[in-house]
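Engineer: Chains L, H, R, E and Z: place on chain W using the hints.
Protein chains: 6
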Amino acid sequence: MSNSNPVSLDLLNKFKHASSATISSTLAKKGYRFIYMAGIRPLKPGAKLVGRAITLRYLPSREDHVVSPDSRQSYAQQIALEKMGEGDVLVVDARGNLDSGIFGDLYVARIGFRKSAGVVTDGCFRDAPYLRTVDFPCFASSVHGHAHATQHWAVDVNLPVSCGNVLVNPGDVIVGDDDGVVVVPKEIAEEVCEISVTQESKEEFLRDLLEQGEPVQRFDVDPFTDELESRYQSWKKSKTG
Amino acid sequence: MSNSNPVSLDLLNKFKHASSATISSTLAKKGYRFIYMAGIRPLKPGAKLVGRAITLRYLPSREDHVVSPDSRQSYAQQIALEKMGEGDVLVVDARGNLDSGIFGDLYVARIGFRKSAGVVTDGCFRDAPYLRTVDFPCFASSVHGHAHATQHWAVDVNLPVSCGNVLVNPGDVIVGDDDGVVVVPKEIAEEVCEISVTQESKEEFLRDLLEQGEPVQRFDVDPFTDELESRYQSWKKSKTG
Amino acid sequence: MSNSNPVSLDLLNKFKHASSATISSTLAKKGYRFIYMAGIRPLKPGAKLVGRAITLRYLPSREDHVVSPDSRQSYAQQIALEKMGEGDVLVVDARGNLDSGIFGDLYVARIGFRKSAGVVTDGCFRDAPYLRTVDFPCFASSVHGHAHATQHWAVDVNLPVSCGNVLVNPGDVIVGDDDGVVVVPKEIAEEVCEISVTQESKEEFLRDLLEQGEPVQRFDVDPFTDELESRYQSWKKSKTG
Amino acid sequence: MSNSNPVSLDLLNKFKHASSATISSTLAKKGYRFIYMAGIRPLKPGAKLVGRAITLRYLPSREDHVVSPDSRQSYAQQIALEKMGEGDVLVVDARGNLDSGIFGDLYVARIGFRKSAGVVTDGCFRDAPYLRTVDFPCFASSVHGHAHATQHWAVDVNLPVSCGNVLVNPGDVIVGDDDGVVVVPKEIAEEVCEISVTQESKEEFLRDLLEQGEPVQRFDVDPFTDELESRYQSWKKSKTG
Amino acid sequence: MSNSNPVSLDLLNKFKHASSATISSTLAKKGYRFIYMAGIRPLKPGAKLVGRAITLRYLPSREDHVVSPDSRQSYAQQIALEKMGEGDVLVVDARGNLDSGIFGDLYVARIGFRKSAGVVTDGCFRDAPYLRTVDFPCFASSVHGHAHATQHWAVDVNLPVSCGNVLVNPGDVIVGDDDGVVVVPKEIAEEVCEISVTQESKEEFLRDLLEQGEPVQRFDVDPFTDELESRYQSWKKSKTG
Amino acid sequence: MSNSNPVSLDLLNKFKHASSATISSTLAKKGYRFIYMAGIRPLKPGAKLVGRAITLRYLPSREDHVVSPDSRQSYAQQIALEKMGEGDVLVVDARGNLDSGIFGDLYVARIGFRKSAGVVTDGCFRDAPYLRTVDFPCFASSVHGHAHATQHWAVDVNLPVSCGNVLVNPGDVIVGDDDGVVVVPKEIAEEVCEISVTQESKEEFLRDLLEQGEPVQRFDVDPFTDELESRYQSWKKSKTG
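Residue numbers (this note's numbering), protein chains in the order written: chain W, 14 to 254; chain L, 14 to 254; chain H, 14 to 254; chain R, 14 to 254; chain E, 14 to 254; chain Z, 14 to 254.
Excised from the complex, chain W in its bound form (with noise of 0.2 Å):
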């Protein structure tokens, strides 16, 4: 399981065109559940996140656990953000703490210059009165203005991780929307982005459907009728066409 290819960029920009709940609702119908962070929002409403999933464990923070101008360079939270290129999404398993940030503005714009796909954490982000004049994607719990070492101490990088009270493996596909974020399986990427994309153009269709009057009793017809299939395919030549 652990050889799969990393996911292209392409998959990636697939995912783009299905939400965080509808891919939900695909990896139900595989048999999956556990998939789903509890509680974590954009900072800014309206925020998109997709992106490879790259981890950095915090543990609480202990007296004797200190970074020093000379252990900097080896500390796991630098060795994350240089590890951050396009396309990858930074996951800080911050167990869920809500009294200190993970970090703020001058980490956000190394990341954002390195072309990332955004960063999200059960924990809190700091300076969100620059973090919401930017268009980098952050998600967390909250937002703190305490720095993170009041309370973590980095500690390792991509280990599987918790976050948000989900399993996250490094590579995994993160998407994330204003109703929260999913977790994909990597080596199921593919599969599941395939179905959730059209799902998501259906559900489009039906919601037109709906909005023009048509009883509700159709609306979670599955599989389509030829006729309603039929009247899809219209529909969607009409939008792309």
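Fair warning: there could be bad hints in the mix.
Same chains, same label: a pair holds when it works inside one copy or across any pair of copies.
Claimed, not checked - With a Cα cut of at most 25 Å, we get these calculated SDA-like pairs of lysine to any residue:
(1) K29 - E204
(2) K61 - L111
(3) K42 - P82
(4) K249 - I208
(5) K128 - S81
(6) K252 - D148
(7) K96 - D169
(8) K61 - L24
(9) K43 - T163
(10) K57 - A41
(11) K252 - L119
(12) K215 - D83
(13) K42 - K128
(14) K252 - V147
(15) K42 - A162
(16) K215 - A162
(17) K42 - H30
(18) K215 - P142
(19) K249 - D239
(20) K61 - E240
FYI, nobody ran anything at the bench for these hints, they're computed from the structure.
Structural biologist: Leaving out everything else, chains L, H, R, E and Z in the frame of chain W:
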């Protein structure tokens, strides 16, 4: 008590001139304290919700309760949605569960078409990216991408329910805004509306005075002195004139 | 310690150039950790709060404590409001209670007229529909439509209190923004302000560098190397020049 | 499904030989996960609860719902209590409310006389000083001195309810011990009992082996090897012999 | 109101014949609801607490407030302890904080020697291994090994405080048992005691009847019929005779 | 730091003479605050736990991670159990999850046979009815009947983990009692033990004095005056003599 007629659309329209906070104060004066839902907000800040309650009760899902194609027509969720008409608010008792949505875009599109007044739940909505683009009042504790069946099984319609830790009887008046959601027992709705709308207008008058520097001791004078009443009447004329 | 003069309006104005996060870091370097309020946000995102604390303590309401017309003048809530002047922030210890507001539009209109700097509470505001239309900094844990007497009885003014799980002494400096609210003990306010404003400026400079691709290892260099200091001085001139 | 006969007293007696944990495992193997109540414990450590569910639903109290002398006979609480007979467990849906008791000594004395099997609620008992002196199984989230009317209004009997975040249908089998409380859907109660009692016995055998030093890898062998089965049969004989 | 004499030791002794639940009911009939502490239990199950409140207020610790050897004598904690005499209960407002103890074995040994009646806090005790070996009533939310200074700074004595979400005035009567802790305003203590002790005795009588099979409808008859009153009087004689 | 030898059985035995509260105070004097687990208690009141940490990390379960018969031998849970020897405490990072047990009777029987010192988790045990009958120290947040796989997947052994919101390194000393659980970094274990055992003895002496009526001001004298030291030495002799 239970034989009273449904609250009229006229009365619902009048309720739009009073805030949930002012209605809460009116009810407090009449001895009601258990009438304000805890922690429920509009998905779109600024939304205003007024309508008559149709109640829908969800219970925890269990593996021996599933909606089959055959049973779908008689599923409580479907029955509730098709009951909704002009002036109706769907009140979904979701036991404060934050681990899945109660429903999302398709159902809202359906009941929006049916001209219903809105939805309130102590659970979550899903499809927030869509719901935030439409003008349909959705009040909830939070949002979540999971479909309702991961946590809920819809069990009955128009029984008394709990929502946001307060009792809601079918037909009660629901008023929501940025402060939250208040429930007005239908038997006293007319009287409560009358008092609240007048009070709202008087408070707006007092707020004007206070913004211009009238000292604080005056503003909770109740009842108005003759002099204040006379100033209020002039202010009111100037507003509507 | 308690004989120190009140913090000046000049110093308060200077504090506006530092974020609550940066001030938290300054205080951390001086050994202060218990100075950041938990879970308190501005009602209007983007609001900035700076002022001296006037404290008001609420206790749970009890049926033998009621404000009569005769006692209203000496009610702690009224006394606190009338104390408020330019640069003052009202800090209301509401014990983190989320089941009623502390007050709403009328009181805010009153203290807004008195040119006070804002209000912060670990309870709730009511009348959010109005408060979101005015430019008066209101920081709270949440909102609720109930009037304060359903949960609170105002008991005394300008004693030390707890707010958001931190101690606030009357006269302490309160600084709030989108991250939350920090408390600066008044005895060290001047020094903390000096350091924080300089730090804020340096971090803005570093952020500029990082956005242009300077590698991450540099940005927590503390103190600046001579070369960095010199670049910083040029950057600063270019900003203000 | 709902036409099934009530679970017999014989079957209930047999259930006493399986723990709630073992029954949870049996149900898990049959695909049931939503069957274990969260955070509910016996008032008296060591108590064992087994019976058929009679359900009672409480809603939040509201000032227009009061039990008058005339309506007392038809109050849902009274009706439920008088329904209780041998082998019955009262399941009280109290919405997880921890701010009042559901009832106390007098009601327990009454249903104890009626030979019922016990009470379980996700709310609280009151009169713990008395309840801890009698041998009647009371399972709850906590205790509180307030009478139920301060928070609750009993609304109906023998509808499906939620208790401890799981669904309970009238007639389901309830098994509680120091671990908590499990709900067995009545339709599969016989099969679940059979499997669980056998499993319990096998685990007791394995525990004996482990206490004597058998290595850990063996103990979740499932099914038993012939050799293990034979040792188990001997062990069983030695127990009952 | 505040000029009333302290509650006498005789009255405190009489209070020992009523449970906190029965006193809660008496207060409810007099219109008091905000008088029962939430979630506070005896460290030793079965303990009974009765006394007059001496209040001690803790605030969050802050690094500029430390108890030096010179200031120790005037530290609020020391002052409160030395005030304690026969019949006094120390009520420590610890803001519901569960992250440190309020104090432990040494302080309890001290106030135990002073013949005080007990301690109640909405925080934690430390030194539970010792406290569970002595017969001194300690009521708290939980236990924790940290000393109080890690979270608290004792700030004043005998002001009104909050404990377990209810108001406590100095001199109020505190009654605790396995259900929790009730606060009786001192002005009405005598009347409340009288009613509660009688009610307790009548309920014991009813419990006896119910245990022998009297039907449930009878037991909340209030007031007693002549026949019931007469049976009660005989029962009472047989108890005391 | 990490090259230090394992803590000896002799030192562990000595730790048994100090309470978790006293050790917390010793660590506080050395600048350590983040060393006391939150909300973790012995299943059997009065239990004492002392040992060296072996850590086991659980992550949220996910449907693509299952323990097959083939992979069982290499499952982290099995590896950890078989590592346990005399003086070892298993520390299970269960992320504070209260919705399933980490394991139950069989595993405890196994590691009890291996003479290990105990188990501590911020999750739950299952099989409490059995665990409460044996003398093996089990410390946890709560109990639950579900097997671990319903919520957890064991992922690695002897990495640093979080338990009860504090960091635990493999080899750290764990001391638990009725107050809770403290973690002593192994590098300073010897010194902390020395100081704590002496302090414990001195506090027992002071407690004796206080119980006999010595005034409160004396008892936190630190260091002892010559006179007190001399009395303490006599007291000690009388104890051990």
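Engineer: Next, verify each hint and record whether it holds.
Structural biologist: Outcome of the hint check:
{"no.": "1", "hint": "K29 - E204", "verdict": "within (15 Å within a copy, 48 Å between copies)"}
{"no.": "2", "hint": "K61 - L111", "verdict": "both (23 Å within a copy, 21 Å between copies)"}
{"no.": "3", "hint": "K42 - P82", "verdict": "between (50 Å within a copy, 16 Å between copies)"}
{"no.": "4", "hint": "K249 - I208", "verdict": "within (16 Å within a copy, 53 Å between copies)"}
{"no.": "5", "hint": "K128 - S81", "verdict": "neither (29 Å within a copy, 40 Å between copies)"}
{"no.": "6", "hint": "K252 - D148", "verdict": "between (28 Å within a copy, 23 Å between copies)"}
{"no.": "7", "hint": "K96 - D169", "verdict": "both (13 Å within a copy, 23 Å between copies)"}
{"no.": "8", "hint": "K61 - L24", "verdict": "within (15 Å within a copy, 41 Å between copies)"}
{"no.": "9", "hint": "K43 - T163", "verdict": "between (41 Å within a copy, 13 Å between copies)"}
{"no.": "10", "hint": "K57 - A41", "verdict": "neither (28 Å within a copy, 28 Å between copies)"}
{"no.": "11", "hint": "K252 - L119", "verdict": "between (42 Å within a copy, 19 Å between copies)"}
{"no.": "12", "hint": "K215 - D83", "verdict": "between (56 Å within a copy, 23 Å between copies)"}
{"no.": "13", "hint": "K42 - K128", "verdict": "neither (34 Å within a copy, 33 Å between copies)"}
{"no.": "14", "hint": "K252 - V147", "verdict": "between (31 Å within a copy, 20 Å between copies)"}
{"no.": "15", "hint": "K42 - A162", "verdict": "between (41 Å within a copy, 12 Å between copies)"}
{"no.": "16", "hint": "K215 - A162", "verdict": "between (47 Å within a copy, 20 Å between copies)"}
{"no.": "17", "hint": "K42 - H30", "verdict": "within (19 Å within a copy, 38 Å between copies)"}
{"no.": "18", "hint": "K215 - P142", "verdict": "between (39 Å within a copy, 16 Å between copies)"}
{"no.": "19", "hint": "K249 - D239", "verdict": "within (15 Å within a copy, 62 Å between copies)"}
{"no.": "20", "hint": "K61 - E240", "verdict": "neither (34 Å within a copy, 39 Å between copies)"}
Hint violations for this structure: numbers 5, 10, 13, 20, all remaining hints satisfied.
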